[in-house]
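Trainee: Residue numbers (numbering that gives the first Met the number 0), protein chains in the order written: chain U, 0 to 269; chain X, 0 to 63.
No wet-lab data here; the hints were simulated from the structure.
No experiment lies behind these values; they were computed from the predicted model shown.
Using N, Cα and C, we set each Cβ at its ideal position, and we do this for glycine too.
Wrong hints could be hidden among the right ones.
[Claimed, not checked] Sample of chain U residues with no beta-carbon within 10 angstroms of chain X, all distances over it, derived:
1. 9
2. 15
3. 22
4. 23
5. 24
6. 40
7. 42
8. 55
9. 243
[As the list claims (entries may be wrong)] Partner residues are not named here, just some residues of chain U that face chain X (Cβ under 7 angstroms, in silico):
10. 1
11. 10
12. 11
13. 13
14. 16
15. 21
16. 74
17. 75
18. 78
19. 79
20. 177
Here are the chains, one letter per residue:
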Amino acid sequence: MAFDYDKYIRPGKLPHIWCPGCGHGIVMKGLIRAIDTLGLDKNNTAIVSGIGCASRLPGYLDCCTLHTAHGRAAAFATGVKMAKPEMNVILCGGDGDGTAIGGNHFIHACRRNIDMTYIIMNNNIYGMTGGQFSPCTPTGAKASTTPYGNPDPSFDVAQLAIGAGATFVARGTAYHATQIDKLIVEAIQHKGFSVVEILDDCPTTYGRRNKFKSVIEMMNRLKDVAVPVKAAEKMTAEQLQGKIITGVLHKVEKPEYTTEYAKVIERAQK
Amino acid sequence: MEKKLPTIEIIEKYCKGCHICVEFCPTKVLEMKGFVASVKNLEACIKCMQCELRCPDFAIKVSA
Ligand SMILES: Cc1ncc(C[n+]2csc(CCOP(=O)(O)OP(=O)(O)O)c2C)c(N)n1
Ligand code: SF4
Ligand code: SF4
Ligand code: SF4
Ligand SMILES: [Mg+2]
C-alpha cells in the first residue's frame, strides 16, 4: 500500500504553495512519516514555525500548529513546552529564519536542552523574499544581495547546534528521502533539544542564480556531497574536502529543561 | 507465473512537473507528458518507491 499522507494533511490544503522541485515538500513528507512511525497523537503534537517558505509547513498539517513571527519559533515553542511538558513539540523553518533573525533563539534553545525537535530546512538562501543571502549561503555564491559573490563565510548549522549545547544533532538531505523520517524519529525520541538539519534546494531563487540548470542538478549535488558518518570515519581530511557529513552527528545525555524546571517549582513551593 | 504489477497513480492536479520522479527512477518507468509525469513502462517497475518518496508534491503513489 502507498503511504497514506492524507491522514495528516488538513483537508483541501493541497496542492501546497511551494515551487516545482522545492525540497520543502520532501521534508514535510518525511516529517509526516516520522509522526506516523511514532504513532504521535495529532492532538498532543505541536508544530511551530517562524516565517519563510519553509515555515509554511505547519499550515498543511492536521496537528496543533503555530505559525509565528520571523525567527521566533523557538520562543513560542518554548512557551508551549513549558505550559504543557507532556506535549510533543516540533519546530520547523528555514536557514534564514533559524540562523539570521532567529539565531539567538536557536542557540538558547540548544543551550537549555529543552525537549523539543527542530527541523531546519537549509536551502542556503532567503527563498520567500526573492533570494537574499543568508548566514548559510556558501562563500562565493550569488544571491540577489551578493550579485558579485558572497564574501561571508557560512554557518555550519549542525556544528553551531552542537557548540550551543543541543544534545542530539543530525543532518540529512532532500535527495536522501528515506533517511529523513529515520533521523526525525530518532530526534523526537531523544530526551532533550534535538536538531535535524536537512540540506534542501531552492531552485527558484538559489538554483537559477548559481548555474544549476535544473532541480535535478541540485538534487545530484546533494547526492554527491553527502557522506554518511560511518564512511566519513574512514576518509582522510583531503578526501572529505567539499563533502558534507550526514547521519546522526552528535548524541549525548544531559539534564532536560522542563524536568529541571519542575524541580525549581517544587523547591519554591516547599 | 505472471508477475503482479504495481499500481502507479499520478494525481495530475498536484503534479508540478519538476521531473524528479522521472529522473531518479532507476528503471525508467516514468516520463513527462507535457507538464505532468506519466507512466511509460509499468512492467519495469521494481516497486522501490523512490518516486513516491521524492515527489515534493504528494502527486505520485505506488501500490505494490
Ligand atoms: C521581522 C521580519 N523581517 C523580515 C521579514 C521578511 N522575510 C520573510 S521570509 C524571510 C526569509 C526566509 O528565509 P528562510 O527562513 O531561509 O526560508 P525559505 O523561504 O528559504 O524557506 C524574510 C527575510 C519578515 N517577514 N519579518
Ligand atoms: S522560493 Fe525557493 S524556498 Fe520558496 S517555495 Fe520556491 S523553491 Fe521553495
Ligand atoms: S517505484 Fe521505483 S521503479 Fe517503480 S516507478 Fe517508482 S522509482 Fe520507478
Ligand atoms: S516528482 Fe511529483 S511533482 Fe515532480 S514530476 Fe513527478 S509526480 Fe510531478
Ligand atoms: Mg532558506
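Trainee: Now look at each hint and say whether the structure bears it out.
Mentor: Evaluation of the provided hints:
Once the 10 angstroms rule is applied to beta carbons, residue 9 of chain U is consistent with being away from chain X; the minimum gap is 13 angstroms. A beta-carbon of chain X comes within 10 angstroms of the beta-carbon of residue 15 of chain U; the shortest separation is about 7 angstroms. For residue 22 of chain U, the non-interface assignment is contradicted: its Cβ lies about 6 angstroms from the closest Cβ of chain X, within the 10 angstroms cut-off. Residue-level check failed: residue 23 of chain U sits 7 angstroms from the nearest beta carbon of chain X, not beyond 10 angstroms.
Separation of residue 24 of chain U from chain X is inadequate, the least Cβ-Cβ distance of about 3 angstroms not exceeding the 10 angstroms criterion. Non-interface status of residue 40 of chain U relative to chain X is upheld: no Cβ of that chain comes within 10 angstroms, the nearest being about 23 angstroms off. In this structure residue 42 of chain U is separated from chain X by more than 10 angstroms, as the shortest Cβ-Cβ distance comes to about 23 angstroms. With a cut of 10 angstroms on Cβ distances, residue 55 of chain U stays outside the contact zone with chain X, its closest approach being about 13 angstroms.
Distance check for residue 243 of chain U against chain X: the nearest CB is about 19 angstroms away, which clears 10 angstroms, and the non-interface claim stands. A hinted interface residue such as residue 1 of chain U counts as satisfied when its beta carbon comes closer than 7 angstroms to some beta carbon of chain X; here the least separation is about 4 angstroms, so the hint holds. Hint on residue 10 of chain U is violated. Least Cβ distance to chain X is approximately 13 angstroms, over the 7 angstroms limit. About 12 angstroms separates the beta-carbon of residue 11 of chain U from the nearest beta-carbon of chain X, more than 7 angstroms, and the hint is not met.
With its C-beta approaching chain X no nearer than about 6 angstroms, residue 13 of chain U sits inside the 7 angstroms limit, and its interface hint holds. The restraint placing residue 16 of chain U at the interface with chain X is violated, with a minimum CB-CB distance near 11 angstroms, outside the 7 angstroms limit. Interface restraint check for residue 21 of chain U: the shortest CB-CB distance to chain X comes to about 6 angstroms, inside 7 angstroms, so the restraint holds. Taking 7 angstroms as the C-beta cut-off, the interface hint given for residue 74 of chain U is violated, the closest approach to chain X being about 29 angstroms.
Checking residue 75 of chain U against chain X: minimum C-beta separation of about 26 angstroms lies over 7 angstroms; hint violated. Annotation: residue 78 of chain U was flagged as interfacial toward chain X, and the flag is violated, the nearest CB pair being 31 angstroms apart, outside 7 angstroms. For residue 79 of chain U, the suggested interface contact is broken, since its CB lies about 27 angstroms from the closest CB of chain X, more than 7 angstroms. The beta carbon of residue 177 of chain U comes within 6 angstroms of a beta carbon in chain X, closer than 7 angstroms, and the hint placing it at the interface holds.
Comparing the model with each earlier hint shows violations of hints 2, 3, 4, 5, 11, 12, 14, 16, 17, 18, 19; every other hint is respected.
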